[in-house]
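Trainee: Residue strings, one per chain:
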Amino acid sequence: MRSLLRFLTRIYFFLFFILLEVFCLILIVNFNNYQKIVFTNSTNNFIGDIYKKSSAFYSIFNLKEINSNLADENTRLRNRLEKIQASDKTDSTFADSAGYIFIATKVISNSVNLRNNYITLDKGTKDGIKTGMGIISPNGIVGIITNVSDHFSMGPTIINKKWKVSAKIKKNNYFGSLSWDGKDYRYAILNEIPIHVKLSIGDTIVTSSYSSVFPEGYLIGEIESFNHKKGYNFYNIKIRLSTNFMTLRHVNIIKNFYFNELENLQKTGDKDENIY
Amino acid sequence: MKIFIKYLFIWITVVLCQVLICNNIQLFGYINPYIYIIFILLLPLKTSKYLVLLLGFLLGLSIDIFSNTPGIHASATTFMAFLRPYIINILFNRESIDKKHLPSISSMGLSWFIKYTVIMVLVHHLFLFYIEAFSFTNFFFTLTRCLSSAVFSIILLIISQLLFFKERQK
Numbered sequence: 001m002r003s004l005l006r007f008l009t010r011i012y013f014f015l016f017f018i019l020l021e022v023f024c025l026i027l028i029v030n031f032n033n034y035q036k037i038v039f040t041n042s043t044n045n046f047i048g049d050i051y052k053k054s055s056a057f058y059s060i061f062n063l064k065e066i067n068s069n070l071a072d073e074n075t076r077l078r079n080r081l082e083k084i085q086a087s088d089k090t091d092s093t094f095a096d097s098a099g100y101i102f103i104a105t106k107v108i109s110n111s112v113n114l115r116n117n118y119i120t121l122d123k124g125t126k127d128g129i130k131t132g133m134g135i136i137s138p139n140g141i142v143g144i145i146t147n148v149s150d151h152f153s154m155g156p157t158i159i160n161k162k163w164k165v166s167a168k169i170k171k172n173n174y175f176g177s178l179s180w181d182g183k184d185y186r187y188a189i190l191n192e193i194p195i196h197v198k199l200s201i202g203d204t205i206v207t208s209s210y211s212s213v214f215p216e217g218y219l220i221g222e223i224e225s226f227n228h229k230k231g232y233n234f235y236n237i238k239i240r241l242s243t244n245f246m247t248l249r250h251v252n253i254i255k256n257f258y259f260n261e262l263e264n265l266q267k268t269g270d271k272d273e274n275i276y
Numbered sequence: 001m002k003i004f005i006k007y008l009f010i011w012i013t014v015v016l017c018q019v020l021i022c023n024n025i026q027l028f029g030y031i032n033p034y035i036y037i038i039f040i041l042l043l044p045l046k047t048s049k050y051l052v053l054l055l056g057f058l059l060g061l062s063i064d065i066f067s068n069t070p071g072i073h074a075s076a077t078t079f080m081a082f083l084r085p086y087i088i089n090i091l092f093n094r095e096s097i098d099k100k101h102l103p104s105i106s107s108m109g110l111s112w113f114i115k116y117t118v119i120m121v122l123v124h125h126l127f128l129f130y131i132e133a134f135s136f137t138n139f140f141f142t143l144t145r146c147l148s149s150a151v152f153s154i155i156l157l158i159i160s161q162l163l164f165f166k167e168r169q170k
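Keeping their order, the protein sequence lines are chains A and B. Numbering follows the numbering used here, with no gaps: position 180 of the first sequence is 180. Numbering follows the numbering used here, with no gaps: position 168 of the second sequence is 168.
Certain hints may be false.
What the hints assert, rightly or not - Per the computed footprint, the stretches of chain A lying under chain B, defined by three or more beta-carbons under 8 Å from a beta-carbon of chain B, are:
| hint | stretch |
| --- | --- |
| 1 | 109 to 118 |
| 2 | 198 to 207 |
| 3 | 251 to 265 |
Claimed, not checked - Some but not every residue of chain A turned toward chain B, in silico, with C-beta under 10 Å:
| hint | residue |
| --- | --- |
| 4 | N30 |
| 5 | I50 |
| 6 | S54 |
| 7 | Y58 |
Said to hold, decoys possible - Anything over 10 Å on all C-beta distances counts as not near chain B; from chain A, calculated:
| hint | residue |
| --- | --- |
| 8 | M1 |
| 9 | F31 |
| 10 | L63 |
| 11 | E82 |
| 12 | I103 |
| 13 | A104 |
| 14 | L219 |
| 15 | H228 |
Hints in this document: simulated from the structure, not taken from any laboratory. Remember, it's a predicted structure, so these values are computed and weren't measured experimentally. Even for Gly, the Cβ is constructed at its ideal location relative to N, Cα and C.
When you get a sec, could you build the whole thing from the sequences and use the hints?
Mentor: See below:
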């Protein structure tokens with residue numbers, strides 16, 4: 001017994017180390033479930049406040065770029081308006097994105113160098129943000145909200161290995177799932193497009209209608225290159241993302257008009273699953 | 001008490017430097033220096049190894065909270081803190097251990113400090129990048145990412161040591 005105690009005191013340091021590491025591993029593994037960990041992320045009020053202040057400071061350096069982006073967006077919107085006024089029937093893409101509300105927010109923290117990148121925004125439940133809403137920038141989709149506190153919200157971006165989004169090729173409507181390979185923040189991979197589909201470099205990739213998060217036909221990127229391995233029936237398509245995650249400052253949270261209705265519907269669906 | 005406040009101040013400075021400045025560098029989308037480990041590097045040699053381990057864990061956790069990576073930095077920093085006493089033992093000549101010394105350039109000399117920093121940074125970064133990838137599938141890709149960031153971190157650590165921590169010689 002005494003020798004056992006002596007042994008334990010000798011490896012006590014090692015045991016303490018193992019204990020701490022196990023605790024870390026629990027944290028790491030649990031974070032696979034986005035909603036589970038509430039305290040240890042940047043939607044925490046204190047952390048969010050620090051980020052908000054620093055992003056206010058950093059945004060000064062980007063004013064020029066933000067201005068030019070806004071001017072671009074203005075022209076684009078004005079052109080669209082002209083087009084709608086010119087033709088009696090509504091523009092089809094415009095009709096698609098009707099039924100969505102846009103909420104303007106500022107990015108207060110963002111990363112591109114990790115395997116699982118998250119974005120933090122400065123609006124929260126007080127502004128009507130809920131988990132499951134989409135995040136878009138004027139240039140394309142960005143991500144989805146998974147954690148919300150009173151004043152802040154955060155979620156994974158497309159360049160997060162744990163998140164996939166349904167996408168389609170604009171010209172022929174073939175759809176697949178878009179994921180990130182964890183390498184370069186400018187490119188993503190589109191899977192599940194069968195090899196009989198005719199592709200060409202530069203084809204536009206947009207969101208498909210299979211998700212209630214994003215409006216159908218919202219820009220994701222364009223085809224950079226594609227190939228298929230022998231024996232595989234699907235292409236391996238490299239997509240150049242239209243959103244530049246490195247310079248993201250202003251984004252919109254997008255809310256489906258029927259968000260609550262859909263949410264309730266899904267809840268009843270879950271209940272049914274429990275019954276059967 | 002005075003020493004407690006001093007290290008608390010260094011702690012806050014180091015964490016803020018990391019999350020507000022260094023985390024925004026993201027060179028080429030790959031390279032990101034992690035300089036916060038300087039806090040563990042510069043703890044006095046006489047610090048109890050249990051305290052170093054606990055401080056390492058808490059430091060990593062505070063970085064994690066800011067960067068939405070719960071557990072990743074904490075585990076890497078804990079690992080580094082665990083190895084610190086052994087690394088110091090290897091790097092010291094047995095007879096020259098003077099427990100009053102801080103492991104800094106001014107008290108140990110540049111070449112000793114570079115050796116010490118390189119080993120500690122490599123230990124930390126290797127653990128950090130592989131725990132973040134959580135697999136060996138892209139082994140060499142992760143290794144490149146790790147080593148390029150490590151080189152950057154080492155340079156920054158040595159520069160910051162030369163610039164800011166000089167007066168602690170007294």
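Trainee: Identify every previously stated hint that the structure contradicts and give their numbers, smallest first.
Mentor: 2, 3, 9
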